[in-house]
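Just need the whole structure built from these sequences, with the hints factored in.
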Amino acid sequence: MAINITMPALSPTMEEGTLAKWNVKPGDTVEAGDVIAEIETDKATMEVEAVDEGTVAQILVDEGTEGVKVNAIIAMLAEEGEDASSVSAETSAPAPKPAAEAPKAETAPAPENQVASTPVQMPKLGAGDDRIKASPLARRIAALKGIDLTALKGKGSGPYGRIVKKDVENAQPGAAAAPAASGAPASPDGLILPQVLDDRVYTPDSYRLEPLDGMRKTVARRLTQSFMQVPHFPLNVDIALDKLLSARKGINEAAPEGVKVSVNDMLIKASAMALMAEPDCNSSYTDNGIAYHKGAHISVAVAIDGGLITPVIRDAEKKGLAEISADMKDLASRARERKLKPHEYMGGTFSISNLGMFGIKSFASIINPPEGMIMSVGAGQKQPVVGDDGQLTTATMMGVTLTCDHRVIGGAEGARWLQAFKRYVETPESMLL
Amino acid sequence: MADFDLIVIGSGPGGYVAAIRASQLGMKTAIVERESLGGICLNWGCIPTKALLRSAEVLHLAKTASAYGLKVDKADFDLDGVVKRSRGVAAQLSGGVKHLMKKNKITVIEGDARLEKGGDAPKVIVKDAKGKESAYQAKHVMLATGARARAIPQAGLEPDGKLIWTYREAMVPNEMPKRLLVIGSGAIGIEFASFYNELGSEVIVVEAVDRILPAEDAEISAFAHKSFEKQGLTIKTGAQVRGLKKAKDSVTAEVSVGGKTEKIEVDRVILAIGIVANSEGLGLEQLGVKLDRTHVVVDGFGRTGVKGLYAIGDLTGGPWLAHKASHEGVICVEKIAGEINEAHPFDNWNVPGCTYSYPQVASVGLTEDEAKKTGKKLKVGKFPFIGNGKAIALGEPEGLVKTIFDAETGELLGAHMVGAEVTELIQGYVIAREGELTEEDLMHTIFPHPTLSEMMHEAVLASEGRAMHI
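Sequence lines, in order, name chains E and F. Heads up: the first sequence begins at 36 in the working numbering, then just goes up one per residue. Heads up: the second sequence begins at -7 in the working numbering, then just goes up one per residue.
Among the hints, erroneous ones may be present.
Stated by the list, open to error - List of simulated lysine to aspartate or glutamate pairs, EDC-like, C-alpha gap at most 16 Å: (1) 180/E x 400/F; (2) 168/E x 426/F; (3) 200/E x 400/F; (4) 76/F x 161/F; (5) 365/F x 245/E; (6) 200/E x 339/F.
To be verified - Label-pair distances were calculated between CB atoms; the ranges are: (7) 147/F x 201/E: 41 to 47 Å; (8) 423/F x 242/E: 30 to 36 Å; (9) -5/F x 70/E: 33 to 39 Å; (10) 461/F x 338/E: 50 to 56 Å; (11) 244/E x 67/F: 45 to 51 Å; (12) 423/F x 180/E: 21 to 27 Å.
Hints listed in this document are in silico derivations from the structure and should not be mistaken for laboratory results. Built from N, CA and C at the ideal position, the CB exists for glycine as well.
Spelled out as structure tokens, the structure:
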């Protein structure tokens, strides 16, 4: 019976390593304790000792191969009296027993019940191996969560690798869909990689696990996608708020009962006007071309319990401040009750995120795709400034950061937009033009 | 040099099953027992009580024979005969365990064991009946010493073997108590209450919490409560026993219910207020074994943290059930043997519970209240015995089968039953849970007609509003 030599786990958390060097070649005889190979991890290089004696029949993983999964068969030994040439991987058992042990130097062997059961890369699959063994419950949960069971095939924790409830409960949609053979990431998004806490590092009783609700999942997916996929850059500017504040005061004094315009409402209006002034910035990158939006639909980030949502003030360039204010109040309150309809939080062309009320000086937000830009608004703070006359005076300054999708907006376009925005804020009456 | 690969201390259903499994895996195995092979379960627990309850059941049938068109002149019992049969059954099975030990080449060491620091595992010192001590060294030692009835002496709740009984004395009565007080309404208390009630004692059950069989689903325990009362049991819930005053041949219990204290005079009292683990006298403290109150703390494979020392069964905590102990014992041995890739740590999510009263109660998984707390959307299906042909034919029209599913995934979160033979039925749902079958699979399963098991099908259908016979 051939002995499988498998990739050893050099530390409890090791999942894969590089086979740096072979010290043996097919036909060599080895004794237990012989150093047969060297394995590299991101942390160290360690020697692998044979635990059985025999003749090296086959080397299945070449020197220098990276990303060899723990427990994958790396070589086969023929036992004494066995013809080394007759030993081939095809005849090996699918569930290898680790025949190579981690060197003593690396203490702390992996908890036995935790030994990774990454399946061996079998050169050939026999007939009937296509069947995925999974419990009915696991299949149902997988279907509900959109998990492709082929990725978990044979790796389940039930009898004979059967996929059971806990295997799919821990999986994420599209996660782990990277077959070891191709090494190609194949999640549907092409982006979201699995992220779980390793029980060996964070014991399950040391934290509270709150299941992801739909909103949290969407926020996580969209923002990860945005941050990784959109080449983004920030632009920074300080804007004097005093005129806008006094205009607001005047507007609210003159406004009919029940209308109270906020600074944010005015920033929404100013953004929309700036987008009209610099229409190239009101755009979205698409694979088919750049979409230039005709209307300024302003998404406003609203923090709510358990997440974040961006209700949209549609055609804000055409709306008066009273209307924007009323829309915003209505949308924000229904957002907090999670009662927005999809068309009320989708379809924006530009976003505003305002953390001024928390005293944040300046920050940079993550773009809300497919929008081309997002503006982050900091707190308005009284600061000493040098006036036009060269005299030191004070002004209420607000730090604004514009994050742009460089695929559609260049530095100059973004800067021009900020200039326009700054003009509207610092000369609020120009919004009336 | 080790004398054995494994020494198991305690030969109850946890210990002797573990020993057999060890022997099957080629380990040289010994088992230490201070009393009778088979432990409490075979000798003083599960098995002899089932024999007693069977006598009570046959008596019940004889008494109600006319309902079946039969004539029985006078249905009566002979207490000595009933007890003798029960003891005979226990003796037969204990003999059976002895045979199994021999067949599996397991060395049986009689005596009291304690542990001392040793080599691969703690050394086992066994003191035999004559007081002679022998030391044995094994590579692995498994503690399976079980548990015993709990007493609360400071509240006067302490058995004396004469007037105040535990399960032991209750199992071998010399004469029938006319009035009997059962303190505690878990499985043990209710089974004895059921037995003595059937044989004609006036039985009063007191339970500290607000319902009997507190571990069961609230609806099932309410159903059982009504059934027991119908049969003549007096049940007091939310009742605290303040003290027991012993006279020559009677006991007066002071019981407070809802702020009022009443005196209940009875001939005998059965204490069934839980159990404590047999963890003392073993030398565990010196070895540094971690205890939680009386129970040994272990991981999912029975490991105590002391090299070579394992513990399983009642000794390690609840549920205090023989089948849980056996299962833990097997897992522990397979882990020691290291050959079983499939050895999964013990997880008590799928341990069924059974009470062999009349009517019987059986359950697995979450109660409805527990299921609600998970926040999952539930589908609950119920089916009464009255809608089942076999139940009517048997003359057992009282009972209920209840299933609780996760509405989204179809997972069977819990199943609860009360009525005739439900202790034999529950395993169907246990298999369904172990195999992770969903409500769909159960609906597609063919249940034979006419059987009580059809109600299990109907209860699943009912969760979808599709029950046929109601």
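- prompt: Which of the stated hints cannot be reconciled with the structure, identified by number in ascending sequence?
  reply: Checked against the structure, the only hint that fails is number 11, while the rest are satisfied.
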